[in-house]
Amino acid sequence: MRRDAKKRGVGGVMLLQTVVRLIAAAGIIGFSVTAFALVKMVVLARARRSSAGFSAFRRGVPGIVYFTTPDCVTCKAAQRPALRALVKQLDRNVQVIEVDATDRPDLARQWSVLSVPTTFILDRDGKPRQVNHGFASAAKLLSQLQRVS
Amino acid sequence: MPDALGKVDHSSLKVNQGTIIVLLLVSFVANVPWLTAAVAVVMVAGTMAGRPGFFFIYSWLLRPAGIVKPNVLADNPEPHRFAQGFGGVVAAISALSTLLGAAVFGWSLAWLVIVLAALNLFVGFCAGCAVYYWLHRLQVPGFSKNPPTGFFPGMRPRT
Numbered sequence: 013m014r015r016d017a018k019k020r021g022v023g024g025v026m027l028l029q030t031v032v033r034l035i036a037a038a039g040i041i042g043f044s045v046t047a048f049a050l051v052k053m054v055v056l057a058r059a060r061r062s063s064a065g066f067s068a069f070r071r072g073v074p075g076i077v078y079f080t081t082p083d084c085v086t087c088k089a090a091q092r093p094a095l096r097a098l099v100k101q102l103d104r105n106v107q108v109i110e111v112d113a114t115d116r117p118d119l120a121r122q123w124s125v126l127s128v129p130t131t132f133i134l135d136r137d138g139k140p141r142q143v144n145h146g147f148a149s150a151a152k153l154l155s156q157l158q159r160v161s
Numbered sequence: 004m005p006d007a008l009g010k011v012d013h014s015s016l017k018v019n020q021g022t023i024i025v026l027l028l029v030s031f032v033a034n035v036p037w038l039t040a041a042v043a044v045v046m047v048a049g050t051m052a053g054r055p056g057f058f059f060i061y062s063w064l065l066r067p068a069g070i071v072k073p074n075v076l077a078d079n080p081e082p083h084r085f086a087q088g089f090g091g092v093v094a095a096i097s098a099l100s101t102l103l104g105a106a107v108f109g110w111s112l113a114w115l116v117i118v119l120a121a122l123n124l125f126v127g128f129c130a131g132c133a134v135y136y137w138l139h140r141l142q143v144p145g146f147s148k149n150p151p152t153g154f155f156p157g158m159r160p161r162t
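In the order they appear, the protein sequences are chains A and B. Quick note: the first sequence uses this note's numbering, first residue 13, plus one each step. Quick note: the second sequence uses this note's numbering, first residue 4, plus one each step.
Pulled out of the complex, with its shape left as it was, chain A reads as follows (with noise of 0.2 Å):
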């Protein structure tokens, strides 16, 4: 009998153990999760920064920033066929600037672009709202230019 409850008060030791490591774990899951938003806060906070830079910026329509680079395969064969396809179904209601990073090193360190293609969306007052690293389709660009229209 002494022996089954000295079973049992190790079986609880362990579980508790169990639980307490179940809850570390979930808890620096959940801090680096965290730890990410903030750092794609801090990267849409730098490029709002430097965003006043474009002077080709209408005020007033939504519009897209895409990075590239010449030799970007991704940008020819997809990034580019999905904005055009864009532009074509908005029309004047969505402005897309084009930046091509091994010309202007500068703005992609602003805007911390680390690789292509990589699009910002702006608002209609030219402020980033929301950033894809990696190819964007038409329709994921869609549904982020209507959250800021």
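To be clear, the hints were calculated from the coordinates, so they are not data collected in a lab. A portion of the hints provided could be inaccurate.
[Unchecked claim] Straight-line distance between alpha carbons at most 27 Å, and here's what the computed DSS-like set of lysine-lysine pairs gives:
(1) A:LYS100 - B:LYS148
(2) A:LYS139 - A:LYS52
(3) A:LYS88 - B:LYS72
(4) A:LYS52 - A:LYS88
(5) A:LYS100 - A:LYS152
(6) B:LYS10 - B:LYS72
(7) A:LYS152 - A:LYS139
(8) A:LYS152 - B:LYS148
(9) A:LYS88 - A:LYS100
(10) A:LYS52 - A:LYS18
(11) B:LYS148 - B:LYS10
(12) A:LYS88 - B:LYS10
The hints should help you fit chain B onto chain A, whose structure is shown.
Here is chain B on its own, set in the frame of chain A:
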């Protein structure tokens, strides 16, 4: 002149990273450092064989079942091998430290491997690859590859 790039199936890398994350999480939650040791052995063995340690899960199970499709990109395989080998060594030190009683240090190293694998899996940034390219810039012998043109060292290239 940029290096001629090889072909890397990034789906197999992702499956490998996902498996490592899950197994190390189970190892931590269940307090089983032997599982960390086993993961380390598979990672190091995979590095020596020149492929992801848990490649068999991808090639025997997930790819034939159509659950994961190949995503072959022009990339250097060497930095990924280096990253896995480095992760395997860190996992091995983690298991050894935990088994020898330095639990906090040991599990911290296991978490380091989990976080870096997650960074690669979810964000596309391979920290081990970045270290490889950094060592290449420092002209350390054995680290001969340049990052793919137009990409930040360590970032996953696109198709």
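Quick rundown of the hints versus the structure:
no.	hint	result
1	A:LYS100 - B:LYS148	violated, 42 Å
2	A:LYS139 - A:LYS52	holds, 15 Å
3	A:LYS88 - B:LYS72	holds, 23 Å
4	A:LYS52 - A:LYS88	holds, 26 Å
5	A:LYS100 - A:LYS152	holds, 15 Å
6	B:LYS10 - B:LYS72	holds, 15 Å
7	A:LYS152 - A:LYS139	holds, 19 Å
8	A:LYS152 - B:LYS148	violated, 35 Å
9	A:LYS88 - A:LYS100	holds, 17 Å
10	A:LYS52 - A:LYS18	violated, 51 Å
11	B:LYS148 - B:LYS10	holds, 14 Å
12	A:LYS88 - B:LYS10	holds, 20 Å
Comparing the model with each numbered hint stated earlier shows that hints 1, 8, 10 do not hold.
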